[in-house]
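*Asks:* Listed below, chain by chain, are the residues.
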Amino acid sequence: DIQMTQSPSTLSASVGDRVTITCRASQSLGNWLAWYQQKPEKAPKLLLYQASSLQSGVPSRFSGSGSGTEFTLTINSLQPDDFATYYCQQCDSYPCTFGPGTKVHIK
Amino acid sequence: VQLVESGGGLVQPGGSLRLSCAASGFAFSDHYMDWVRQAPGKGLEWVGRSRNRANSYTTEYVASVKGRFTVSRDNSKNFLYLQMTSLRTEDTAVYYCARGVPYVGFDDWGQGTLVTVSS
Chain A
558 DIQMTQSPST LSASVGDRVT ITCRASQSLG NWLAWYQQKP EKAPKLLLYQ ASSLQSGVPS
618 RFSGSGSGTE FTLTINSLQP DDFATYYCQQ CDSYPCTFGP GTKVHIK
Chain B
343 VQLVESGGGL VQPGGSLRLS CAASGFAFSD HYMDWVRQAP GKGLEWVGRS RNRANSYTTE
403 YVASVKGRFT VSRDNSKNFL YLQMTSLRTE DTAVYYCARG VPYVGFDDWG QGTLVTVSS
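Protein chains in written order, with the numbering used here: chain A, 558 to 664; chain B, 343 to 461.
Misleading hints may appear alongside valid ones.
What the hints assert, rightly or not - Reference listing, derived: stretches of chain A covered by chain B, where coverage requires no fewer than 3 residues with Cβ under 8 angstroms from a Cβ of chain B:
#	stretch
1	601-607
2	641-649
3	655-663
What the hints assert, rightly or not - In silico DSSO-like cross-links for lysine-lysine, where the CA-CA straight-line distance does not exceed 27 angstroms:
#	chain 1	residue 1	chain 2	residue 2
4	A	K602	A	K660
5	A	K664	A	K602
6	B	K384	A	K596
7	A	K599	B	K384
8	B	K419	B	K384
9	B	K384	A	K660
10	A	K596	A	K664
11	A	K664	B	K384
12	A	K602	B	K384
13	B	K408	B	K419
14	A	K664	A	K599
15	A	K660	A	K596
16	A	K602	B	K419
17	A	K599	A	K660
Hints were generated in silico from the structure; no laboratory data involved.
Every residue gets a Cβ at the ideal spot worked out from N, C-alpha and C, and that includes glycine.
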């Protein structure tokens, strides 16, 4: 199975900050990586796919980069609505696997 | 697109339960459909998949549920199912159905249904 790790596990930030989350895969994924945002008691929401493609309707302050085994999610100018948990995910090979999540707190 | 799960509840260890997901707003048979779960306070875990008509609706599972859970679908009614047997306490989670898009991810999700396995 492909193992996904994320760093940091938690992050404190202020509105307006630039935030970067890193995701690493135990094997090369090409660019098959997705990012999700989840708020408490809600279903996850797809933010980015193929490492850097923005899902329809997602604000442009979200961006992604990377390939192979290392990927990043960047949020430019953090907004109050962005405080949530973020997960990376691969489905390059089965089983599909998620990272453990990064919780973004208000500082 | 709308996905609505139902069928969750309290079940004893060793018991069975069938979850349903009613899909609307898209060509159901043309899409992969997935189940993803989240144990209380924990992260997301992919459970299983039903591919689309073009791929003969074949299925995949995570190892921890293989042989115990079955993903199926009724394409005439636009329903996805998760039949769960030999349930264990560690299967306690919110179960989401999601629309899977190859090389993209899960682009639409239901609201989830809670399954509690406890004596």
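*Asks:* Compare the structure with each hint and give your call.
*Replies:* Taking the hints in turn, this is what the structure says about them:
{"no.": "1", "hint": "601-607", "in the structure": "holds (count 5)"}
{"no.": "2", "hint": "641-649", "in the structure": "holds (count 3)"}
{"no.": "3", "hint": "655-663", "in the structure": "holds (count 4)"}
{"no.": "4", "hint": "A:K602 - A:K660", "in the structure": "holds, 15 angstroms"}
{"no.": "5", "hint": "A:K664 - A:K602", "in the structure": "holds, 23 angstroms"}
{"no.": "6", "hint": "B:K384 - A:K596", "in the structure": "holds, 13 angstroms"}
{"no.": "7", "hint": "A:K599 - B:K384", "in the structure": "holds, 13 angstroms"}
{"no.": "8", "hint": "B:K419 - B:K384", "in the structure": "violated, 33 angstroms"}
{"no.": "9", "hint": "B:K384 - A:K660", "in the structure": "holds, 12 angstroms"}
{"no.": "10", "hint": "A:K596 - A:K664", "in the structure": "holds, 17 angstroms"}
{"no.": "11", "hint": "A:K664 - B:K384", "in the structure": "holds, 23 angstroms"}
{"no.": "12", "hint": "A:K602 - B:K384", "in the structure": "holds, 17 angstroms"}
{"no.": "13", "hint": "B:K408 - B:K419", "in the structure": "holds, 26 angstroms"}
{"no.": "14", "hint": "A:K664 - A:K599", "in the structure": "holds, 22 angstroms"}
{"no.": "15", "hint": "A:K660 - A:K596", "in the structure": "holds, 10 angstroms"}
{"no.": "16", "hint": "A:K602 - B:K419", "in the structure": "holds, 26 angstroms"}
{"no.": "17", "hint": "A:K599 - A:K660", "in the structure": "holds, 14 angstroms"}
Violated hint: 8 only; the structure is consistent with all others.
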